[in-house]
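S.K.: Top line first, the protein sequences correspond to chains E, G, C, H and X. Each residue of the first sequence is one higher than the one before, starting from 767 at the first, in our numbering. Each residue of the second sequence is one higher than the one before, starting from 767 at the first, in our numbering. Each residue of the third sequence is one higher than the one before, starting from 767 at the first, in our numbering. Each residue of the fourth sequence is one higher than the one before, starting from 767 at the first, in our numbering. Each residue of the fifth sequence is one higher than the one before, starting from 767 at the first, in our numbering.
The set of hints was computed from the structure by calculation and includes no laboratory data. Errors might be hidden in some of the hints.
Computed beta-carbon distance windows for the label pairs [claimed, not checked]:
hint	chain 1	residue 1	chain 2	residue 2	range
1	X	R780	H	A798	22 to 28 Å
2	G	R780	E	G807	46 to 52 Å
3	X	G787	E	G807	40 to 46 Å
Where is the CB? At the ideal position from N, CA and C, for every residue including glycine.
Below are the chains, spelled out letter by letter.
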Amino acid sequence: MKIGKVVGAVWATRKAQCLQGQTFLVVESEGAQVVAADQVGAGVGDRVLLATGTVASRFCMEAPVDAAVVGILDPEGRHVSP
Amino acid sequence: MKIGKVVGAVWATRKAQCLQGQTFLVVESEGAQVVAADQVGAGVGDRVLLATGTVASRFCMEAPVDAAVVGILDPEGRHVSP
Amino acid sequence: MKIGKVVGAVWATRKAQCLQGQTFLVVESEGAQVVAADQVGAGVGDRVLLATGTVASRFCMEAPVDAAVVGILDPEGRHVSP
Amino acid sequence: MKIGKVVGAVWATRKAQCLQGQTFLVVESEGAQVVAADQVGAGVGDRVLLATGTVASRFCMEAPVDAAVVGILDPEGRHVSP
Amino acid sequence: MKIGKVVGAVWATRKAQCLQGQTFLVVESEGAQVVAADQVGAGVGDRVLLATGTVASRFCMEAPVDAAVVGILDPEGRHVSP
Chain E
767 MKIGKVVGAV
777 WATRKAQCLQ
787 GQTFLVVESE
797 GAQVVAADQV
807 GAGVGDRVLL
817 ATGTVASRFC
827 MEAPVDAAVV
837 GILDPEGRHV
847 SP
Chain G
767 MKIGKVVGAV
777 WATRKAQCLQ
787 GQTFLVVESE
797 GAQVVAADQV
807 GAGVGDRVLL
817 ATGTVASRFC
827 MEAPVDAAVV
837 GILDPEGRHV
847 SP
Chain C
767 MKIGKVVGAV
777 WATRKAQCLQ
787 GQTFLVVESE
797 GAQVVAADQV
807 GAGVGDRVLL
817 ATGTVASRFC
827 MEAPVDAAVV
837 GILDPEGRHV
847 SP
Chain H
767 MKIGKVVGAV
777 WATRKAQCLQ
787 GQTFLVVESE
797 GAQVVAADQV
807 GAGVGDRVLL
817 ATGTVASRFC
827 MEAPVDAAVV
837 GILDPEGRHV
847 SP
Chain X
767 MKIGKVVGAV
777 WATRKAQCLQ
787 GQTFLVVESE
797 GAQVVAADQV
807 GAGVGDRVLL
817 ATGTVASRFC
827 MEAPVDAAVV
837 GILDPEGRHV
847 SP
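With the hints as extra help, turn the sequences into a complete structure.
M.R.: Following this line, the structure appears as structure tokens:
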């Protein structure tokens with residue numbers, strides 16, 4: 767997964783039938799932007815875990831989803847183990 | 767998925783049998799061009815949602831399609847959630 | 767898929783058993799070179815459609831093929847829809 | 767797989783249900799950072815083997831995991847065969 | 767597939783159980799290094815065919831292998847078809 771930051775959302779009234787009901791967030795990660803299906807109720811500004819590729823569609827079976835937000839990082843962010 | 771813009775189309779009379787009947791759009795996204803199977807009736811100039819990888823072939827089973835246009839972004843484009 | 771140009775071929779006498787009988791073309795696309803299994807009888811100089819990833823192996827089941835030439839672009843190349 | 771170095775870990779209290787119980791390490795490889803599910807008990811500073819893509823989820827079935835630490839390189843690191 | 771050159775090997779005593787018995791070669795391709803399971807008995811200096819992604823694991827079922835050496839290029843290397 768990648769660490770990313772939610773910077774917005776997109777809407778597409780005209781879309782593949784199987785994508786109905788999904789929320790699509792725009793996530794910025796390492797300088798690139800990805801549109802990902804939200805699985806955890808993330809919002810703009812949240813630092814999130816972004817899964818990409820085929821595994822991202824496991825929550826949205828039969829839909830061509832190649833990116834999903836699968837976690838929200840804890841506020842303390844990232845720690846180095848002691 | 768990626769946000770892209772349809773900039774043209776390609777035709778290949780000689781192609782794998784299972785690709786017959788598909789419309790192939792040229793989509794520009796982050797400086798690169800991808801040829802994607804159209805699933806939503808997109809046209810040149812449309813800003814679209816581009817799915818890539820294995821999931822893109824879910825609409826075109828048994829065909830080696832690794833990119834598909836799966837949505838057309840609403841004209842207002844992209845919003846930042848309030 | 768990507769648009770590429772066939773620039774040569776490679777031969778590997780010693781290869782995985784399941785790859786026997788395949789023709790491997792060298793395709794140049796966006797500055798990088800990929801070795802792809804030929805599915806349409808393409809030759810050097812042809813502009814082709816290049817499929818990559820798992821979907822590329824659908825024509826060559828049980829073989830670790832991650833790239834395939836799946837179409838030859840028409841000579842008029844690429845058009846912008848009217 | 768890629769050779770990487772564990773540089774930390776991340777925690778996400780709010781995450782997809784199927785990701786519960788996983789340890790997520792931050793691995794640096796060729797200048798980029800990836801968050802990977804730990805399969806071998808690796809710690810900060812370890813040089814590891816990093817598997818990415820669909821195959822990474824084979825240890826964590828039904829979870830959208832696209833990266834996993836699958837081995838710890840021996841201290842002598844990497845050898846050139848004699 | 768990519769054309770690469772074997773530049774070494776890695777050993778990992780501590781690794782996922784299903785990776786036991788595999789030989790892992792370090793292959794250089796287009797400036798990047800990949801660790802790949804050897805399927806053809808390649809050695810340092812050999813120019814090889816490198817398969818990546820899910821298809822690479824077809825020889826090593828149930829193992830998270832995302833890269834495999836699947837062929838050794840003939841010494842004459844690469845030819846341009848006449």
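S.K.: Run every hint past the structure and note whether it holds.
M.R.: Results for each hint:
1. For R780 of chain X and A798 of chain H, the Cβ-Cβ distance of about 24 Å falls inside the hinted range of 22 to 28 Å, so the restraint holds.
2. Range check, R780 of chain G to G807 of chain E: Cβ separation about 49 Å, and the 46 to 52 Å hint holds.
3. Between G787 of chain X and G807 of chain E, the C-beta spacing of about 44 Å keeps the proposed range 40 to 46 Å intact.
When each numbered hint is compared with the structure, no violation occurs for any of them.
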